[in-house]
Amino acid sequence: MGNIVLSIKNVDKTFGGLHALGDINLDIEEGKIHAIIGPNGAGKSTLLNVCIGRLAPDRGTVEFEGKNMIGMEPYEINHAGMVRVFQTPEIFPDLSILQNVMIPALAKRDGVFNFDAFKSMASNADIEEQSTRILEELGLKSQTHDHAGSMSRGDKRRLELSMGLVQHPRLLLLDEPTAGMSRHDTNRTIDLLKQIKERGMTKIIIEHDMHVVFSLADRISVLAQGRIIAQGTPDEIRGNPRVQEAYLGGAEL
Amino acid sequence: MSKTLLRNDWVVMALFTAAVLSMPLWLAPIGAGYPDLLQKFAIFGLFAIGYNILFGLTGYLSFGHAVFLGVGSYTAVWSFKLLTMNVLPAVLFSVLMGGLFAVIIGYLSLRRSGIYFSILTLAFAQMSYNMAYSVLTPITNGETGLQLAKSDPRVIDALFIEAGEGLPSTDLFGMQMSGYPGFYFCAVLLIIGFFISLRIFRSPFGLKLLAIKSNQTRMLYTGFNTRPYLLTAFVISGMYAGLAGALMAVTDPLAGAERMQWTASGEVVLMTILGGVGTLIGPLLGVGVIKYFENIFSALNVDTLHQIFSFLPDWLENVVVWISSHFVGEGWHLTLGLLFMVIVIFLPGGLMEGFQRIGSALRNLFKRSEAVAAQPSEKE
Ligand SMILES: Nc1ncnc2c1ncn2[C@@H]1O[C@H](COP(=O)(O)OP(=O)(O)OP(=O)(O)O)[C@@H](O)[C@H]1O
Ligand SMILES: [Mg+2]
Chain A
1 MGNIVLSIKN VDKTFGGLHA LGDINLDIEE GKIHAIIGPN GAGKSTLLNV
51 CIGRLAPDRG TVEFEGKNMI GMEPYEINHA GMVRVFQTPE IFPDLSILQN
101 VMIPALAKRD GVFNFDAFKS MASNADIEEQ STRILEELGL KSQTHDHAGS
151 MSRGDKRRLE LSMGLVQHPR LLLLDEPTAG MSRHDTNRTI DLLKQIKERG
201 MTKIIIEHDM HVVFSLADRI SVLAQGRIIA QGTPDEIRGN PRVQEAYLGG
251 AEL
Chain B
1 MSKTLLRNDW VVMALFTAAV LSMPLWLAPI GAGYPDLLQK FAIFGLFAIG
51 YNILFGLTGY LSFGHAVFLG VGSYTAVWSF KLLTMNVLPA VLFSVLMGGL
101 FAVIIGYLSL RRSGIYFSIL TLAFAQMSYN MAYSVLTPIT NGETGLQLAK
151 SDPRVIDALF IEAGEGLPST DLFGMQMSGY PGFYFCAVLL IIGFFISLRI
201 FRSPFGLKLL AIKSNQTRML YTGFNTRPYL LTAFVISGMY AGLAGALMAV
251 TDPLAGAERM QWTASGEVVL MTILGGVGTL IGPLLGVGVI KYFENIFSAL
301 NVDTLHQIFS FLPDWLENVV VWISSHFVGE GWHLTLGLLF MVIVIFLPGG
351 LMEGFQRIGS ALRNLFKRSE AVAAQPSEKE
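The listed protein sequences derive, respectively, from chains A and B. Per this note's numbering: the first sequence = residues 1 to 253. Per this note's numbering: the second sequence = residues 1 to 380.
A hint or two may mislead.
[What the hints assert, rightly or not] Below, in silico cross-link-like pairs of lysine-lysine (DSSO-like), each with a Cα-Cα straight-line distance of 30 Å or less: (1) K213(B) <-> K119(A); (2) K141(A) <-> K32(A); (3) K141(A) <-> K367(B); (4) K108(A) <-> K367(B); (5) K81(B) <-> K141(A).
Keep in mind the hints are simulated off the structure, nothing from the lab. Every value quoted in this text rests on a predicted model; they were computed, and no experiment measured them.
This is chain A alone, in the form it adopts within the complex (with noise of 0.2 Å):
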């Protein structure tokens, strides 16, 4: 085994009465896509909020890297290199696509407070450029200037995507990047996410497009009811019955 990026341990979680999290134990290797999947409700996104400091966990630690980032501040997590992509888009509505991406950019660059005021916006051609560069990528280019709260949903996703691809980060939570697109940007997303493993980005991805998930993942981890039933490669997934009939109920991956 390589590197461990992300080591979750023992982590807990309930909601009232409902056991959204049973004592997940989960490492996640560098370099590596690796895809949660499960059934709606199983607890998947609520695993990804415990990771970025969304939701504190009832027990358990999360080690990104060494370190714990239970009670860490969200700002501090996304600086240690951990970014989230959300499922429900969570964009800046108000502002133009193009400022939706520099904003990341230069939370990257200038840390968690920086108080520029008297800087103008030309001398941050750098973060402009580096923002439509990605924009360009993901095929938002021609519209920058618009409003990102007009976009559609597949295209908020692609924005979002951008949001959180500019930041460089080590580690990129990607929660149902293709919900709601279409065929084709789906492939192309697909593509895309690909090219950057390449690049050595580490992805936790969770979705329930098995086209998806089969054709880019390294690793599947199956959750069932806030557990973990099930670990492998995607080919040992695909055979294993357990999965079948908790996830899929009997039909054929």
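Starting from the known structure of chain A, fit chain B with the ligands onto it as the hints suggest.
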């Protein structure tokens, strides 16, 4: 005017400076070209510009900004009493004190957002207002208000000049700050204040504040600690308010606690919304409209109304005067309330939205007539 030209800061500043300095000329025809009112435009203009940096960029609605106005005035009068009648130290200290109070109130209020933030700022303002009347009377002189006195030390002035007969007046190195010199002093500060606000609006800092307004949670996960951003915006707007308070004392050297009352805090909210929240010029328009109409309407009384409507038959004149008398003098606030309601309902973006709509309507009209003119030639 071309939009790209307006994107250049220096073009904007040249236009703005020309407009402000020539105010006595172009406001004269509507009866507003006298120093007293012009000063008010400039002073409340600064107040509103600063308020807009907080409310317009971050969306945080403070209901207590008059505190900083009051603090600025008290500080300025104390500077006149203890140090010198020169206005520069007074202005400087007031800005600093406004900022200091904003650090404290902002630090505490910004632990909450939305309506809770607004209520916290309101609570702090009412607390300060009440303290000015009670425990702080040694500093504020309670209900009488803080005034100049013959016996004030004025240690710096005492070194250079003999105390004259009567109370001294505020000055800038010998130039008295009443009448037009007073207005031009305020006008220069308004121009500087506008320049700073322009730079902030067009800076990455301004962009980040807008992003906080748009989606604060997302900012946290994007790697920004939003609290210091909000506090900085709050303190900057507090400093503007402190400056405005100082200028009130410069043009009339006394300070009273009523300057901190919630109605004064509410007024700046009205001005900003009326003109157009988050636009550069909007708050100034709001100030202009409110202060101008306040001046006209509150000066009218039943007698002047009778004069105005004397052309009507007697019975009708009486009816009209009876109705309209509720909207003038003390009743001016009723007029203001109605005006505000009409604007907010029909133009949520304030007067600036109105202008934009007129602008785009005209442009469409223009395009259509051009298209009509172009059509026959295409057929040939
Ligand atoms: N903040 C919360 N408060 C209460 N319950 C929550 C909260 N977040 C998630 N849950 C519950 O926890 C369970 C797991 O939710 P989660 O969003 O993690 O599922 P998921 O695997 O991402 O599902 P999907 O595929 O539909 O996105 C669900 O039953 C959900 O209702
Ligand atoms: Mg989910």
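Checklist entry - Which hints from the list above does the structure break, by number from lowest to highest? => result The structure breaks hints 4 and 5; every other hint is satisfied.
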